[in-house]
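Can you build the whole structure from these sequences, using the hints too?
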Amino acid sequence: MKVLVPVKRVIDYNVKVRVKADGSGVDLANVKMSMNPFDEIAVEEAIRLKEADKADEVVVVSIGVKQAQETLRTALAMGADRAILVNAADDVHTDIEPLAVAKILKAIVDEEQPGLVLAGKQAIDNDMNATGQMLSALLGWSQGTFASELDIDGDKAVVTREVDGGLQTIKVNMPAIVTVDLRLNEPRYASLPNIMKAKKKPLDEKTAADYGVDTSPRLEVVKTTEPATRAPGIIVGSVDELVSKLKEAGAV
Amino acid sequence: MAVLLLAEVNNGELALDATAKAVTAARALGDVTVLAAGASAAAAGEAAAKIDGVAKVLVAEDASLGHRMAEPTAALIVSLAGDYSHIVAPATTDAKNVMPRVAALLDVMVISDASGVVDADTFERPIYAGNAVQTVKSLDTTKVITFRTSTFDAAGEGGSAAVETIGAADNPGLSEWVEDKVAASDRPELTSAGVVVSGGRGVGSEEDFALIEKLADKLGAAVGASRAAVDSGYAPNDWQVGQTGKVVAPELYVAVGISGAIQHLAGMKDSKIIVAINKDEEAPIFQVADFGLVADLFEAVPALTDAL
Ligand SMILES: Cc1cc2nc3c(=O)[nH]c(=O)nc-3n(C[C@H](O)[C@H](O)[C@H](O)COP(=O)(O)OP(=O)(O)OC[C@H]3O[C@@H](n4cnc5c(N)ncnc54)[C@H](O)[C@@H]3O)c2cc1C
Ligand SMILES: Nc1ncnc2c1ncn2[C@@H]1O[C@H](COP(=O)(O)O)[C@@H](O)[C@H]1O
Chain A
1 MKVLVPVKRV IDYNVKVRVK ADGSGVDLAN VKMSMNPFDE IAVEEAIRLK EADKADEVVV
61 VSIGVKQAQE TLRTALAMGA DRAILVNAAD DVHTDIEPLA VAKILKAIVD EEQPGLVLAG
121 KQAIDNDMNA TGQMLSALLG WSQGTFASEL DIDGDKAVVT REVDGGLQTI KVNMPAIVTV
181 DLRLNEPRYA SLPNIMKAKK KPLDEKTAAD YGVDTSPRLE VVKTTEPATR APGIIVGSVD
241 ELVSKLKEAG AV
Chain B
1 MAVLLLAEVN NGELALDATA KAVTAARALG DVTVLAAGAS AAAAGEAAAK IDGVAKVLVA
61 EDASLGHRMA EPTAALIVSL AGDYSHIVAP ATTDAKNVMP RVAALLDVMV ISDASGVVDA
121 DTFERPIYAG NAVQTVKSLD TTKVITFRTS TFDAAGEGGS AAVETIGAAD NPGLSEWVED
181 KVAASDRPEL TSAGVVVSGG RGVGSEEDFA LIEKLADKLG AAVGASRAAV DSGYAPNDWQ
241 VGQTGKVVAP ELYVAVGISG AIQHLAGMKD SKIIVAINKD EEAPIFQVAD FGLVADLFEA
301 VPALTDAL
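From first to last, the protein sequence lines are chains A and B.
Going by UniProt numbering, the residue at position 47 of the first sequence is 47; the numbering climbs one at a time, nothing skipped.
Going by UniProt numbering, the residue at position 128 of the second sequence is 128; the numbering climbs one at a time, nothing skipped.
Heads up, a few of these hints could be off.
Where chain A lies over chain B, by a calculated footprint (3+ residues, C-beta under 8 Å) [to be verified]:
no.: 1; stretch: 128-134
no.: 2; stretch: 178-185
From the structure, some residues in chain A lie toward chain B, with a derived Cβ separation under 10 Å [unchecked claim]:
no.: 3; residue: Val17
no.: 4; residue: Arg18
no.: 5; residue: Ala130
no.: 6; residue: Gln168
no.: 7; residue: Asn173
In short, the hints are calculated from the structure, not lab data.
Note that CB positions come from ideal geometry on N, CA and C, so glycine has one too.
Structure, rendered in structure tokens:
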């Protein structure tokens, strides 16, 4: 079975974003970029399936600017076999919407015929939480979202999902789309020799037009603003002072 | 304009708070029809009919709709979509599972976690873990939206909408439910509680989380946790507050042994009053706290519980 893993290049999760003063977006120039943390978990899971002889090839895909190559190389260094870069934007500030990403991924799935797509549950930049579900809809495949456990068993996959009430376990038909949550695994670090080896692994370059997908946005960004700031608070000296402040504020 | 609102139904019961908050957001867009879907959903439909501002309720009961499996639920919504300009839901994990699927089947984008309605086409939503707020105008004919419940007040009760029974769509038969592991609790539900007490890695163990729970019980509060506390096994996953957990905005939020990473702040910084207890005076949580106490939680939390 081939496993396809879409990986997104996003602002590193440790960086505090700054909103541009003119409201046109957030500033991504000269900011540290990394692989979306959920996608690292998806890559790790795919590699573990391969190590367990449940998968024979791991293909990673990224859609966006050409710099997403670095993200793909990271996935190759972790252990993915092959990468596809879909050039779909020139400006690092252009975000391709989940619907367009899903359409491009569908075209790639049609070509590559994977038995499983492992995506992240959510990209930490746009916080959409949509692409996996959309791809699943376009393919008419089953979906197992927010997975904290995954067990492939022949033509079915058992997925334990993190839901509001706790955990839900479902069984889905393969081929399937599974989106991964944070507790599925702990991704490995790429070793230096593997980083060197990754430079020689195949990386195919494509464009959105190669797949006939129109990536123009359906959601026009009118403006981007800072969230409301909180009034500064105080440090209290003791538990008693805390209690009296809370009483004054009518909070208890 | 007509709005179809997917009610939050758990085991045949309406999650009133989440649904009523989404009704508030949806009312600004047009006449609201609530869809109550499930293996049993009639009682949930009756309850939804009483929410102020609901014009009509559709009840779809079918075994395939039990446990809110994404594929049959999305198929049902798509079969109804033609009549509506907006298809919306509260931004629960159930809806986040289903609504993007609905949107893709309709060839439209989804607007996830909308926190504000500007007009019928234009919505605000937090991005980058709430560090920025984007205003987006939808160019799609049908708008598919999930609403972040923490930013809308629940619509009141007193309505008496007509209830109509409808059939399910064909079940694509792609998946089956196996089991739910849901912890029963007498405490208030995290996303609707007026007070939330959360513990972080600083609490140190599952046993010591009892300190957090005792304080919560004294305050009649729900219990939350940071991701680190959940990852370490001190607390169950459904207690996680943050960018990738639950978003809460109670009257009072007490953060104990939580450093205040942006991903955690994303889930609680709209709370009315924030209290932080942390032994590190440099902890970023103090930057959003109204009242900060620099102290060892193992002394401060029992003392606070006693003093209340
Ligand atoms: C993609 C992604 C998504 C994430 N989503 C979330 C999310 O939804 N929610 C979330 O919470 N996190 C999330 N995180 C994790 C987040 O980045 C932090 O790692 C996490 O919030 C830290 O949890 P913590 O504050 O409990 O632990 P720490 O950062 O380790 O802080 C522990 C705190 O306890 C204090 N402490 C220790 N002992 C005591 C004591 N005896 N008395 C008083 N104080 C004490 C310490 O001073 C410290 O400030 C996410 C991370 C990523 C990468
Ligand atoms: N531009 C992209 N390139 C590759 N994968 C993507 C891209 N956008 C989204 N994804 C995948 O879809 C998941 C969910 O993203 P989103 O729906 O944007 O929150 C991510 O974790 C990735 O696995």
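For each hint, the structure was consulted:
no.: 1; hint: 128-134; verdict: holds (count 7)
no.: 2; hint: 178-185; verdict: holds (count 6)
no.: 3; hint: Val17; verdict: holds, 5 Å
no.: 4; hint: Arg18; verdict: holds, 8 Å
no.: 5; hint: Ala130; verdict: holds, 4 Å
no.: 6; hint: Gln168; verdict: holds, 5 Å
no.: 7; hint: Asn173; verdict: holds, 5 Å
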